[in-house]
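Add chains B, C and D with the ligands to chain A, keeping to what the hints say.
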Amino acid sequence: MKTTYREALRAALREALARDPRVFLMGEDVGRYGGTYAVSKGLLEEFGPERIRDTPLSESTFVGAGIGAAMAGMRPIVEVMTVNFSMLCLDQIVNNAATLRHMSGGQVAVPLVIRMATGAGRQVAAQHSHSLEGWYAHVPGLTVAAPATLEDARGMLAAALQDPDPVVLFEHATLYGLEGELAADAGPVDLTRAAVRRPGRDVTLIAFGGTVGKALAAAAALEPEGIQAEVIDLRVLRPLDGETILGSVRRTRRAVVVDEGWRTGSLAAEISARIMEGAFYDLDAPVARVCSAEVPIPYPRHLEEAALPQAAAVAEAARRLVKSHG
Amino acid sequence: MKTTYREALRAALREALARDPRVFLMGEDVGRYGGTYAVSKGLLEEFGPERIRDTPLSESTFVGAGIGAAMAGMRPIVEVMTVNFSMLCLDQIVNNAATLRHMSGGQVAVPLVIRMATGAGRQVAAQHSHSLEGWYAHVPGLTVAAPATLEDARGMLAAALQDPDPVVLFEHATLYGLEGELAADAGPVDLTRAAVRRPGRDVTLIAFGGTVGKALAAAAALEPEGIQAEVIDLRVLRPLDGETILGSVRRTRRAVVVDEGWRTGSLAAEISARIMEGAFYDLDAPVARVCSAEVPIPYPRHLEEAALPQAAAVAEAARRLVKSHG
Amino acid sequence: MTGGGPAVSREHGLALLRQMIRVRAFEERCAELYGQGKIRGFLHLYIGEEAVAAGALQALGPEDAVVATYREHGHALVRGLSANAVMAEMFGKATGCSRGRGGSMHLFDAATRFYGGNAIVAGGLPIAVGLALADALRGQRRVSACFFGDGALAEGEFHESLNLAALWTLPVLFVCENNRYAMGTAIERHQAQLDLVLKARGYAVAAESVDGMEVLAVEAAARRAADHVRSGAGPFLLEARTYRFRAHSAYDPELYRAKEEVERWKQRDPVKGFTALLRDGGQLQPGDLERIEAEATAEIEAAVAFAEASPWEPVEDLLRDVQAAPGAAAGVTP
Amino acid sequence: MTGGGPAVSREHGLALLRQMIRVRAFEERCAELYGQGKIRGFLHLYIGEEAVAAGALQALGPEDAVVATYREHGHALVRGLSANAVMAEMFGKATGCSRGRGGSMHLFDAATRFYGGNAIVAGGLPIAVGLALADALRGQRRVSACFFGDGALAEGEFHESLNLAALWTLPVLFVCENNRYAMGTAIERHQAQLDLVLKARGYAVAAESVDGMEVLAVEAAARRAADHVRSGAGPFLLEARTYRFRAHSAYDPELYRAKEEVERWKQRDPVKGFTALLRDGGQLQPGDLERIEAEATAEIEAAVAFAEASPWEPVEDLLRDVQAAPGAAAGVTP
Ligand SMILES: Cc1ncc(C[n+]2csc(CCOP(=O)(O)OP(=O)(O)O)c2C)c(N)n1
Ligand SMILES: Cc1ncc(C[n+]2csc(CCOP(=O)(O)OP(=O)(O)O)c2C)c(N)n1
Ligand SMILES: [Mg+2]
Ligand SMILES: [Mg+2]
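Protein chains in written order, with our numbering: chain A, -6 to 319; chain B, -6 to 319; chain C, 145 to 478; chain D, 145 to 478.
So that you can see chain A by itself, here it is in the shape it has in the complex (with noise of 0.2 Å):
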């Protein structure tokens, strides 16, 4: 069947809402303006003001309120907008949802999903353009993911309703109109391993959300060069998946992480560190990262793009560890 990633996500949107009376979807505008992305879209008219509830600009508030209503037994999924305003509800997320369950000795459980839009490439320039997953990823308590497939916009929200702890999505806002192939019957995907989206031997390249398809790009871009790459989707950034990461790089002996974050601090930096630590006796090169630049992101076309992890970068970085040694 062919749908879109906006599509999946509103798929899989309206089967918990029909399946779970507890489900409700709560955030600003995914009501009568449909969403932001337009994921929400008629679903308000489908399943009424009650669970499909649109709220005031109080991101602390709605997020804290969603909180509050998954101790009570519901299961909400809480949009917020962007990742951009996360950072209004950061205390609610880190201090209440992912603390609570150990802080009050295993009594209280958030199943809380929080849904939202990350990355930049849309030349909203520097307020609306942030990558914050690695801060999310850093935060023991919460489950994190980004699905770059449909498949994953379709089937990671069953799975993070199945969770009795928050689990965080991340949509990256440059792949809301990805079209592809669906199965009719696509159903909840695990949010445990990483996937390989493509096998090769010679490099690695990890990726995750709105970077996917510049990995593939850039190995598909080496093939003709002779070099095989192997990309990772990451998938779920917390826990990470390590068994699927340090397998493939034992086996190609190198990897590039690409990360829209900004480099230092980045996740990327996670996952070299992870590699050094679990297969840095496999490794024929240093690991690469490519990242977003040390700059907020500005809003011209030339300057974002000189700015973001682009392709060409990727593909240029693994170059260099195929031919530095081995």
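What the hints contain is simulated information worked out from the structure, not anything from laboratory work.
Keep in mind the model is a prediction, meaning the values are calculated, not measured.
Be aware that one or more of the hints could be misleading.
In silico BS3-like pairs for lysine-lysine, Cα to Cα no more than 25 Å straight-line [what the hints assert, rightly or not]:
#, chain 1, residue 1, chain 2, residue 2
1, B, 34, C, 403
2, A, 34, D, 403
3, D, 416, D, 403
4, B, -5, B, 34
Leaving out everything else, chains B, C and D with the ligands in the frame of chain A:
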């Protein structure tokens, strides 16, 4: 002259206030209460309520007000009582303080200094024990530093006030009582270089803020075993002083990074990744990390101690590296 | 409440007095134990403010929920957590109401719907809104009560929470424990508008201000407020005017207020005042007070002994309860 | 403003009209350019709301400061930024008022103390408080005006900023541009209290509500408000009731409001209405309107040509202005 970390910070504040009429101090309970950690005790009496400003509990707004006042040419020092509450003002710091110069094409400067206490170790449990320095070190536009010595407690503030851009200073809450000798004429220090706090040839222990003492303790414990550990105090967390770090690791060929942040996505990951990138071929063993366990920090002493990086674990990690190879 | 004696039964009067006395005794003992290093971290005493929790919580039934702050020993005890479980928590023992993980600032008890123990000022308000939202969505007539200090009034979450609760007509009882100080900052120096009823009007929220040193007044006002909330009329903001007799926490040198001010407020000690009132009204009879005090002491000493004798959580369990064990059900307590 | 004609001089009346017309013309041209891909990212048009910026900014002098939102083309132009610099910024060119880095949502101009162009809803309010704090500390009698939408009323920062400005008696003029919608959410569905004067009272802040479709009414109210602020009496909240004629941004399918509602408001078009008023009052004479429109068109076409001809920032300069060049002075513009 015998003094404490707390008194050194206070002397720095007093000097800054006396020297520059544009400087003022603002934050929760910095005035009448005397500062939560008694750092600003006596300053209200000395400089008056216009310049020592107690604020309401409104982190986002008083930090934003600091930004606005800095834009208008003042030199505000804003105290966010602890890093734990700084999530409430992170949006202002990231989207305004760090971003305005670039987003305005260089027209708007934000010469703001933000001070905050950080870290665990005082049994104040999950919501009051965060170490988020790594998050701040991720953000372009900020300079981030962590005084770990009396000299730096005394000298970093003056350097920060000379910076035309925002600087965030992290004071580890367990250090306020630190006692020692300080030159009577101690003055500004640089905000660019890491410092070798103890020279050694066998392994480099890299620490900052509250973990420097633990790294030094580990080095002392290793000495009788014949292991000469070099201890680096990062001092400045953004921008990182790669030269000092890499210079040391190229010599010792082994490194342990100590960081009170949770392991995944820690600043230690960044250091490890940089060593990977800059000194891979010089390493005799993979860089090790000793970080906090991935758990909200629990209240009881034995669990808190088990959750935090300790000198014994640092020493053990160093021992393993030295024995594993070479 | 002056003249004539209060309209309270002997039984209820003594019950209220007992709650205040045991809370007071519990905390005085905690202060000692803190001095001995048995209790560590932060310790925020409620001494002087007992009438607020003791009175307000009368308005709730077991089906209702409570969200409190780091100054919540009194609320926990009055809500029905055992002194044993709370004291063991203060010690950080495995038998504590939060398995020792939380300590003084993070008392939890799912059985009595006591949802913390939140140490981020104003951080509990959105949670209470969410608890109430769940009730509204399920058509359950329950009240979610949220206690917070005057300092919280300045935080954005206060504003957002009152607006959201009012907008969605949610059953939240907001109780502001106005003890006139946020740490060392007097309310006049942190609030531009001191009339909280006017503040509530900014959200079209019904509100009332009550003398927080008089337990019967608090109870009566809380009942009115809870009735309003339970009736489906939306949230209510109850301000209880009270005073903290002790320092903010053990670290506080109390430079910001005059001894005389504290002494003046101590004249209005809610425990002493209510004792006198009951005595004057005849509900408190000779021997009653001694018995209540002795019971309180016995309860607390037993709790101390229980806490002392209790085991620590094994260090191997450090990572327990960060997330549910894989495959576990949500373990939710609706 | 009905009957008798307005008490405005021909000169001033035409000046106001000219501002509204050039703002309108600028944005209509921007909408075209967006369709052509010359302007990209988000584009939030102010069309329908011009009387607010045109009227309110009359109350400010060059010494005062302005903080605005992502819907700020009108404010920038009325404040005195050149159409060239603003249009070049819309294109992302190096000659733009923010060197092209900011685009539509981040117009800056230190020379006119125009401090953005803030795209985080309510994020500008604390900044305005800080600008005013600097003035208060230096004893400078200046006003910091802060524009924000009705949606910002729900954010915590609105609350915190009004309280802090009032508490410290700071010279902030808060201007709420209430266009009845925050994206697709009508104010009735995001605010529990629709009376903003009552809201302001929650902070003891003086307030007034004005018809934002009448430029003279806005100007008069803004002058009163600015006088209050400048006199040292503390902040003022001015609500201008207005309406956005266009979609929230180019992405908005406008599912949330009826065409009829938009049409009804268009009957109150501030440009047309004021044109008619001036004509009726005799200030607008034959040929005036045509001349003003022609001047506006010429100005904007020149700006488009300027923007088109302007260079891009070289990509090598990507990292410029993240921080000051090492050793640079603060480059502050007080
Ligand atoms: C968001 C936040 N900021 C600061 C603190 C530090 N702090 C703890 S209690 C307190 C004062 C709170 O006063 P109030 O709300 O009146 O409660 P009270 O202590 O008087 O009961 C402060 C500033 C905190 N815990 N949370
Ligand atoms: C903190 C934050 N949350 C959400 C958004 C997304 N957003 C942009 S504009 C807007 C609506 C704001 O409405 P209002 O304040 O009334 O201003 P208007 O657009 O009507 O001028 C929203 C939700 C944002 N920019 N910032
Ligand atoms: Mg208080
Ligand atoms: Mg609006």
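Hints versus structure:
A hinted pair counts as satisfied when its Cα atoms are at most 25 Å apart, and residue 34 of chain B with residue 403 of chain C qualifies at roughly 19 Å. At roughly 19 Å between alpha-carbon atoms, residue 34 of chain A and residue 403 of chain D fall within 25 Å of each other, so this suggested pair holds. With a C-alpha separation of about 20 Å, the suggested pair residue 416 of chain D and residue 403 of chain D falls inside the 25 Å cut-off, and the hint holds. Only pairs whose Cα atoms come within 25 Å are accepted, and residue -5 of chain B paired with residue 34 of chain B is accepted, the gap being roughly 18 Å.
Going through the hint list in order, the structure satisfies each hint without exception.
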